[in-house]
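Colleague: Protein sequence lines correspond, in order, to chains L and C. Count along the first sequence starting at 1, add 2, and that's the number in our numbering. Count along the second sequence starting at 1, add 312, and that's the number in our numbering.
Hints should not be assumed to be uniformly reliable.
To be verified - Distance ranges between label pairs, derived from CB positions:
| hint | chain 1 | residue 1 | chain 2 | residue 2 | range |
| --- | --- | --- | --- | --- | --- |
| 1 | C | Leu-552 | L | Gln-123 | 49 to 57 Å |
| 2 | L | Phe-354 | C | Ser-700 | 37 to 45 Å |
| 3 | L | Glu-69 | C | Asn-635 | 48 to 56 Å |
| 4 | C | Leu-552 | L | Glu-221 | 28 to 36 Å |
| 5 | L | Val-351 | C | Ser-582 | 29 to 37 Å |
| 6 | L | Gly-133 | C | Gly-337 | 31 to 39 Å |
| 7 | L | Val-174 | C | Ser-582 | 49 to 57 Å |
| 8 | L | Asp-270 | C | Gly-463 | 29 to 37 Å |
| 9 | L | Trp-378 | C | Phe-446 | 28 to 36 Å |
| 10 | C | Val-339 | L | Gln-123 | 53 to 61 Å |
| 11 | C | Ala-683 | L | Ala-193 | 27 to 35 Å |
| 12 | C | Ser-700 | L | Ala-224 | 29 to 37 Å |
| 13 | C | Leu-342 | L | Ser-329 | 50 to 58 Å |
To be verified - Stretches of chain C that chain L covers, calculated by requiring three or more beta carbons in the stretch to come under 8 Å of a beta carbon on chain L:
| hint | stretch |
| --- | --- |
| 14 | 406-417 |
| 15 | 567-575 |
| 16 | 578-584 |
Hints are computed from structural coordinates only; laboratory data are not their basis. Backbone N, C-alpha and C fix where the C-beta goes; we use that ideal spot for every residue, glycine too.
Residue-level listing of the chains:
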Amino acid sequence: MDRAVHLDGITKRFADVVANDDVTLEVEQGSVHALLGENGAGKTTLMNVLYGLYEPTDGRVVVDGAERTFGSPADAIEAGIGMIHQHFMLVDPMTVTENITLGNEPRKWGGLAVDRRTARQEVRALSDRYGFAVDPEATLTSVSVGVQQRVEILKALYRGADTLILDEPTAVLTPQEVDELFTVFEELTDAGKTIIFITHKLGEAMRAADEITVLRDGEGVATVAASETTRESLAELMVGREVLIETADRPHEPGAETLRVEGISVTDDRGVTAVDDVSFSVREGEIFGIAGVDGNGQSELVEAITGLREPTAGRIDFEGEDVATWSRRDRIDAGMAYVPEDRQERGVVMSFDLVESGILGSHHDEQFTANGRIDWETAREHASEIVETYDVRPPDTDTKSAALSGGNQQKFIVGREFERDPSLFVAAHPTRGVDIGSTEFIHERLLDLRDDGDGVLLVSSKLDEVQLLADRLAVMHDGELMAVVDPDDVTEEELGLVMTGEEPPRRLDSQRVDGGGS
Amino acid sequence: MGERLAAVRQRVAPSGRAQTAALIGGVAALALVIVGGTLFPETILGVLLSTLVREPTAESALRLAVPITLAALGGIFAEKSGVINIGLEGLLIISAFVAVWMTDVTGNLLVGFAFGVVASTLLTLLFAVVCIEFRADQIIAGLAIWLIALGLAPFMSQVIYGGPNTESVGTVPTLTKLFGFLPPAGTLPQRLVAPTIGVGPIDALSGVLASVLTRPPLYLADVLLDASLSVYLMGLMVLLSWLVLYRTRFGRWVRASGENPKALDTAGVSVSRVRYQAVLLSGVLAGMGGSALALSIGQFTGNGPTMVNGKGFIAIVTYLFGNYNPVGAFLSSLLFAGLDAMQVGLQTAGTGIPSSLVRVIPFVMVIIVLALVGRTRIPGAAGEHYESGEDR
């Protein structure tokens, strides 16, 4: 068989962190190869080595049978490697053609000027050859994300790439665009191109790839044929142990109401009513789930409860007091912890290290102050405690938040909020963009909290997540709570319909759930 | 830094409706001046009109536009590549002094001019190294460049000439002087004066119409024949800058480097090399502006803000107003220079308005214009340092 790419024993070290440890990857020419692993497993690092962005500390890079040393992406491009990054490397104000030909512009007049007509024709021809419907004249900002991705692929092909690396290509796409992308994969492999794509989603790897290489903690665990493996065994390879895809339903005994929201209305940034007269309550020892399609007022509701946005009407009773006008700080002190939906915007300060990030929101807490200043010693201990307990990697409190992968940032934030010892835990999309292992871990912690008799308000757009965890479940649509139901009593299909605004099949009054405790 | 600047600039930007209103207002005001000034030449409108259409006003507007336009072109290249060069003022100052000094030493205008450009380029090299190599804050480094030149040029003048002002040297010739076969300036059209017909509104209007149709081409030719060579250099540079930015690969790389340097880097082009080239180019262009400024007068005056007197900062305004387009920057430079020339004209015309108030007109206009700039789109990565292969 012909190997398009052979990475032999690649090791990449950053200071004292080993990102890749003796990884070997063999990719057959004309095939689709998935590089599967959790966040921070070293997938992107490995591909950056192949693309010449990083020089490997050790190991060989063999492309088309010849050993290569890439000093820069230019060398890799030369060798027929193209990379499509997760965040597109495109210039917004420029046209599709300008983007595709950037750095390789055809020239005329003895090299003085760019030959724009030839560039356009070449781009059109290339686009047509692979059946991409891309308008060479369109400016980048006017086309959809899916098309932008195709522009990235064309850019690599224009440079003569035979092997295409795609870093988490589906992360930004709608389900329909994902289908189209996988069709594009087929077109490309039919034309003899080789595709390597990075993903942490099992299903996608199984669906689109011929072969799958699993990476864990910077090491290559196994390479398997997609047709000869199962989701379960892949998940086990990724995480390193058996994964409970279903969490056992643990009995719970709800107590008194800890949070009661009464007729609350909230407007969004544009002044439009986003939450309209919503009432519900969260009790001690219970997880109250709110499901719904994003943008139906969940964000505004959560912000009103946690004190980031002032409601226009209604009461928010927390532990028996109306806190609707309380400041965020007062609510933290009263025992309300919060995992925000946008972790990089609101969860951590990207340029802070973990010691500083760890005391965000509790910097005024007595345990972290000494003589009117911050007691950095205690803060450091606090941060290392979080890092250790919540398995944040790399386990170094001097790391900047920005240097952590998304999943590890989330684990750190969740850890910090848990450490407040809250009586109410508000979690907005706590596992968004988080890999299987960390998701399972966060779920476990939420259940622990409930078992300890604290209240949890869980907002998520993942149906399986809320159905799995919540004791009572509400669906939010267009600013209103459609129904409060027992999650064990409804099917996913029924919930899906309610999320689109249909009347629920069986509306559960809270009485029944109160008594039963499911 | 860039983000902060961009935020400030964006906050300043109003809606498109305000701009349309401003445009209509401007056109209406101009129409009022033309019609009113024609019908009632004795009023202030008449004075305004005659000041506007006087040839010296047009000539000095063009002359004043040269350093502003050239510095603005330089600023465009630097900022389009992602490096905000706020030190243009300093580059104008240093090149103005060196150009005069070297012309004095060598006795050759061309050599002096070239030395001015070299001086400015060297100072820019310092700026580039500090910003690109050592990741200094671009705004602070730019201010440093200005302050260095502001101190250095008068100091050198003091040492060499014993005062802040240099000796007088020759000035850049006009086209007519250089090529004897061209008709001397002023012989083409009759000097255009404000129409003095007082017979009736209809006659006056038809007179205006006639002159509007026939005079401008002649008027323009006359002004251009009488213009200094620097004006032609400016025109050439505007054209070349536009061609380079929008028709060459270097230009594309410059734009990509300022918008999304990573895209350029991953396309296999060195971002820091492109930025060095673009910033140095800004030094060359600003140097031409400073040399042209000093050699149009034949002397460097170093008192206070020196003879450059804020032109480098006005240049920044003009390229923002021109939305980083060389032609746009040229036209807005022309607008500001025109206002400045008109202001000078008005002072001598004796309108009864205190001259210190008249002198403020261009600056008031700068503020109004800046407040109305809405379509300016600052390059995405302007002001941000870029390091290849970092952050992941």
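Colleague: Indicate, hint by hint, whether the structure satisfies it.
Modeller: Structure-based check of all given hints:
no. : hint                              : result
1   : C/Leu-552 - L/Gln-123: 49 to 57 Å : violated (27 Å)
2   : L/Phe-354 - C/Ser-700: 37 to 45 Å : violated (25 Å)
3   : L/Glu-69 - C/Asn-635: 48 to 56 Å  : holds (50 Å)
4   : C/Leu-552 - L/Glu-221: 28 to 36 Å : violated (56 Å)
5   : L/Val-351 - C/Ser-582: 29 to 37 Å : holds (32 Å)
6   : L/Gly-133 - C/Gly-337: 31 to 39 Å : violated (53 Å)
7   : L/Val-174 - C/Ser-582: 49 to 57 Å : violated (28 Å)
8   : L/Asp-270 - C/Gly-463: 29 to 37 Å : violated (53 Å)
9   : L/Trp-378 - C/Phe-446: 28 to 36 Å : holds (30 Å)
10  : C/Val-339 - L/Gln-123: 53 to 61 Å : violated (43 Å)
11  : C/Ala-683 - L/Ala-193: 27 to 35 Å : violated (55 Å)
12  : C/Ser-700 - L/Ala-224: 29 to 37 Å : holds (34 Å)
13  : C/Leu-342 - L/Ser-329: 50 to 58 Å : holds (55 Å)
14  : 406-417                           : violated (count 0)
15  : 567-575                           : holds (count 6)
16  : 578-584                           : holds (count 4)
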